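Given next are the chains, with one letter for each unit.
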Amino acid sequence: MQTGIENIIKHQVIELSFMGILIVFCALTLISLFLACLPKVLTIIEPFLPQATHGHQQTATSSSDLLSPNEDQQAIVAAIGFTLHHRQLNKHT
Amino acid sequence: MQTGIENIIKHQVIELSFMGILIVFCALTLISLFLACLPKVLTIIEPFLPQATHGHQQTATSSSDLLSPNEDQQAIVAAIGFTLHHRQLNKHT
Amino acid sequence: MQTGIENIIKHQVIELSFMGILIVFCALTLISLFLACLPKVLTIIEPFLPQATHGHQQTATSSSDLLSPNEDQQAIVAAIGFTLHHRQLNKHT
Amino acid sequence: MDMFWKFIESTGFAQMEWANVLMILIGIFFISLAIAKDYEPLLLVPIGFGMVIGNIPYPPNMSLSVYDDWNGPGGLSNSSVLSLLYFGVKYGLYPPLIFLGIGAMTDFSTMLSNPKLILLGGAAQIGIFATLIGAVFLGFTPEQAAAIGIIGGADGPTAIFLASKMAPELLGAIAVSAYSYMALVPVIQPPIMYLLTTKAERRIRMKPPREVPKLERIIFPIAAFLICTLIAPGALTLLGMLFLGNLLKESTVTERLANTARNALIDIVTILLGFTVGASTQASTFLTQQSILIFGLGALSFIIATAGGILFAKFMNLFLTDKINPLIGAAGVSAVPDSARVVQAIGQKEDAHNILLMHAMAPNVAGVIGSAIAAGVLWSVLGK
Amino acid sequence: MDMFWKFIESTGFAQMEWANVLMILIGIFFISLAIAKDYEPLLLVPIGFGMVIGNIPYPPNMSLSVYDDWNGPGGLSNSSVLSLLYFGVKYGLYPPLIFLGIGAMTDFSTMLSNPKLILLGGAAQIGIFATLIGAVFLGFTPEQAAAIGIIGGADGPTAIFLASKMAPELLGAIAVSAYSYMALVPVIQPPIMYLLTTKAERRIRMKPPREVPKLERIIFPIAAFLICTLIAPGALTLLGMLFLGNLLKESTVTERLANTARNALIDIVTILLGFTVGASTQASTFLTQQSILIFGLGALSFIIATAGGILFAKFMNLFLTDKINPLIGAAGVSAVPDSARVVQAIGQKEDAHNILLMHAMAPNVAGVIGSAIAAGVLWSVLGK
Amino acid sequence: MDMFWKFIESTGFAQMEWANVLMILIGIFFISLAIAKDYEPLLLVPIGFGMVIGNIPYPPNMSLSVYDDWNGPGGLSNSSVLSLLYFGVKYGLYPPLIFLGIGAMTDFSTMLSNPKLILLGGAAQIGIFATLIGAVFLGFTPEQAAAIGIIGGADGPTAIFLASKMAPELLGAIAVSAYSYMALVPVIQPPIMYLLTTKAERRIRMKPPREVPKLERIIFPIAAFLICTLIAPGALTLLGMLFLGNLLKESTVTERLANTARNALIDIVTILLGFTVGASTQASTFLTQQSILIFGLGALSFIIATAGGILFAKFMNLFLTDKINPLIGAAGVSAVPDSARVVQAIGQKEDAHNILLMHAMAPNVAGVIGSAIAAGVLWSVLGK
Ligand code: NA
Ligand code: NA
Ligand code: NA
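Residue numbers (numbering that gives the first Met the number 0), protein chains in the order written: chain R, 0 to 92; chain V, 0 to 92; chain G, 0 to 92; chain P, 0 to 383; chain Z, 0 to 383; chain B, 0 to 383.
Next up, chain R with everything else stripped away, as it sits in the complex (with noise of 0.2 Å):
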């Protein structure tokens, strides 16, 4: 049984373990680049990129049933807002 440097040796284990840790920095390093170059080159192109329109928000998968728990959550925001908004009042008054 063969064990240790020949073993290493035999199967360019130390070539492998070299060519995986540069390429590992080589692809992290490009995105590196990219996302150091991205704010300034959407700067630049910004102007002529379309406003995001959300004329029908709906998608097939949400019929008005999906709505519920939103309108639901809305009612709640609403009461904590005129909740608060009371105790703002009664702190003033």
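Among these hints, one or two may not hold up.
[Said to hold, decoys possible] Listed below are several chain Z residues computed to face chain V (Cβ distance under 8 Å; list not exhaustive): (1) Pro58; (2) Pro59; (3) Asn60; (4) Met61; (5) Phe86; (6) Pro114; (7) Lys115; (8) Ile117; (9) Leu118; (10) Gly120; (11) Ile217.
[Claimed, not checked] Rough simulated footprint, nothing fancy, chain Z against chain V, three-plus residues with beta-carbon under 8 Å: (12) 15–28; (13) 33–44.
What the hints contain is simulated information worked out from the structure, not anything from laboratory work.
Just so we're clear, the structure is a prediction, and the values are computed from it rather than from any experiment.
Where a beta carbon is used, it is the ideal one built from N, C-alpha and C, also for glycine.
Take the given structure of chain R and dock chains V, G, P, Z and B with the ligands to it, following the hints.
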């Protein structure tokens, strides 16, 4: 290679299409007629139907744990209700 | 076709049933005894147990995004609490 | 015009048989029962609609039913969607997943608080074994008889799991029978309960259960799992999932997993299981003499189980100073939580202030464990 | 250094072809459209990203694409994760599950309130059959032509289901085409609607729908299922799931199941379906002359369907005293609920106080049923 | 009486071996650690309970373990439920689905705000390759060594995915080792962090990250996916799912899909993965010398990875004017978000007002990408 009219004749697709749309209409017309009659039939039958009883509303898969969300919601609704009621009162006084 | 008693004897189902109910009872009795002793054992052991530490309560799959619902709920509870508290106050004044 | 006649022949109207009509009506009856009476709706609605689906006739060259699977000609590409969804029933995959969710929603603390009540959940399993003997008497093989007997365990998933392993040919009848009787618990149990108890017994009040500390509730699923499966390894799959679900719930650090297990996961599996089990009741395979016998034996099984639980409670009372209300023995059949509710309802008729529900939950959940052990024993002794 | 070159050869940069670049750009365009214009984002985002994933080149010894499945050398252990997820598309499993969720979220009550509007959902199916003829004319086999025609049904799941059964080789193109045109409904339909209606017609107001009692809403899914599948058994899988979902919703006793079906379940399946359908559009199999023809026929199909619905509404008006606003005929194509919204928007341009949305929902949901029946007929006549 | 003895022989008590007892105790220890110390409970609880389940002995004629699958005698009908659930581990299906959920819950914006910190997530991957060399030195094959090395990536799903492809025979040991060390991050990392940094370095404050506009956050997942997979196509499955999840989140128009992906979907998969991975650690296959070596190499891998991240941060500081706090280099191992929390805790010990958490999140999530790329490279070079 035979395309066009020959294909259409060979595969009888005109007949198929005619039959297809006929069947679709046939089924939808039956549903339509059924729904048109349903309210009248129900008005006649209704007195003889048993009333829904909801003696034991919970089932095997809805233990007490599952109740808590509803209770929460009820609490919330109660709070909102109170808030709104309170607002009404304030308006009138 | 042989039915009835012959089948029962041939397949030893009486023995099987007897053994079956015995094993069920045996297992449940053991659980029962274990549970009966557990509180006493725990009372003895408890002083030696480490206290639960909750230094880092979040885990890989619960990022900050997941917190928002809870925060919402807290806000709701706060609003309800305030509402109820307010109602109490009104009663007393 | 050929094509037209070919189509007409393929329609359901042309091929409909009276047996299919009957099954469709039974399906609609199940749905009505679920909606009007609120009897186990989470299962009866999908099963009932599945029975309707499974009894629509279709031309033999199409693959539509749960039985048109990859073992047929054409293999996978000719297998129906229903057969792919039925995979989880056929290979016993859905029941353990349902048990995972049940574990994550079950509160064992009343049982932990009064461990002797666990034995009532054992006594009710007598229904399983008595029915097993009866089924062999009627000519079923021991494997079939075991799968039929487990109907008396009053746990749908356990019944389906054992049937899929021991008697797949009877699975539809056993599943429908099990869920039917579970739905009918409020009808079946009360007469037996009145018959076997005196008014005084039904009025017995029990001590309120103690608060169970968190540590005990965490240790329980692990310890109970070890005890059960070291005795009956065949119960490993069902009880493993049940106690895993309970551990996820009680550990509190995995609350989000428990929450998904008892909501999204169990709901998805319940729909698929109910609906495909229903669709497996094609008249041609379902309307047999065997199915009628299975329904009869199922009723017997429920009756014996209920009586077993009540009588064992009375037997225990001979030795106890703090008497048990024997009504709660009836909850040992499981059918969680319906039979516990029946106990509560009947107890309150005698004494409006007697709250038996929480006491009844102890044998109720113990009955789930008891049936799973029974299934494990039967599988390991009779299984190939 | 061998290893280094071997790796360089395996990178995507080395193997990239222009066709892949084109497909990746189309994928990104889909994503942009979904985000910027909010066109069917729930499908276009996963499909678009799937197109990007499916067009990354990879070395031939790796299993990465949806096509590297268990039928290849190495069997299951050499099949890619994407191919395992694509199983649900390939064998038609995902579309019925999506229909279950759609059933559980669809409110059929406006349709129940005015049953004659159902016919509009039938008229729009003319697009399917006209396209079928056109596709055969262009040289497609009848099976392929049927799968292409169903694009005009404007229901993605129905199109994918039929394509998986009748013309799996065209599935990618058909699915992408169907969802593209569904997304483009707000662009395609308005010109046709203006062309075929007068200003006076567009201003027609309709009576508000009546309140539909719960019992009718419960009976509807069962009755409609029986009518449709007794006539066209091939629609059994899709309509079975659609109406099961609706029954779970309307019965109210199974609300938790309906809730999971229309949330967790449909979302999970939508992600997996969208993303694997997108990933199936590898340039080498997708960028063919056939695909271009399919896109052309798909557009034709949508146009004819829209026209069919509108003209049939005008035809019905010849016999009715309470006139129908012919715009709502356009909603008969389905593409729920986008085309109903388009109707509402155009109606309001003519008369700001005319609320057509709820009336348009009737043919809109009827169109879903109509397309499923059409698919069932085509499958049972042409399927092997 | 035969039957009785047959049953007694089938019980777990009769067949229990000391190795099983040991594994059960380890499982219980994992559960205790998760509950008492809150170390990665979402995985340690299911894995721990799975270890208990997997080590209950059962008679050889029953199919109960994850290894009793369709390849055995009897085929599918004799395969255990656990083996069917283990399918998702064995064929690498669960890890990408978990990545989908992780993508849908991860906020990459601190990373986008300071892109140079991404390199720290690369430096920590040195642990993977160093361990790979060590494992080959100890006699593992290169494929096994690659799967062992990836433990140092500190991402459970990546480790399981690569192990399933490269060394399925070591999957249990690798998975348990990976999750054990991820749980032990708060124990393993601090000593190394103190050893390699000065007090002054630990006190370095960094500029608060800038607000990242929505458009950048939408473009990122698409661009990063293209860059990574064009270089390393083997990372396509894991990164495709990760970035799809993130796109669903950031696009905002698919919020409901993102929500389901990061809740119901990831929870279901986490339970099934954790519990079946645990159940795959049967003493007979798990308690080997190899497993002990794997645990040793795993520890080494974590240590080197932590050191690599810290030292690279110090190296970068040589060239930077705005210095990086080298502690955040330790977060490059990933183990999201535990190692970022450790950084925060240690940073605050030196300077109570120094908030490092958000800075540490950048290398933390970059480490996830880095490990996936490393896995992709290893798979494409060493995979068959
Ligand atoms: Na039971
Ligand atoms: Na349609
Ligand atoms: Na990592």
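Hint check:
1. Pro58: Proline 58 of chain Z check fails; min Cβ-Cβ to chain V is 37 Å, beyond 8 Å.
2. Pro59: Given a least distance of 33 Å, the restraint on proline 59 of chain Z is violated.
3. Asn60: violated (38 Å)
4. Met61: Violated, because the Cβ-Cβ distance from methionine 61 of chain Z to chain V comes to roughly 38 Å (cut-off 8 Å).
5. Phe86: Status violated, d = 28 Å.
6. Pro114: Check passed: Cβ of proline 114 of chain Z comes within 4 Å of chain V, closer than 8 Å.
7. Lys115: holds (6 Å)
8. Ile117: Hint holds; isoleucine 117 of chain Z Cβ to chain V Cβ min 5 Å, cut 8 Å.
9. Leu118: At 6 Å from the nearest chain V Cβ, leucine 118 of chain Z passes the 8 Å test, so the hint holds.
10. Gly120: Hint holds; glycine 120 of chain Z Cβ to chain V Cβ min 6 Å, cut 8 Å.
11. Ile217: It is violated, given that the least Cβ distance between isoleucine 217 of chain Z and chain V is near 11 Å, above 8 Å.
12. 15–28: holds (count 13)
13. 33–44: holds (count 6)
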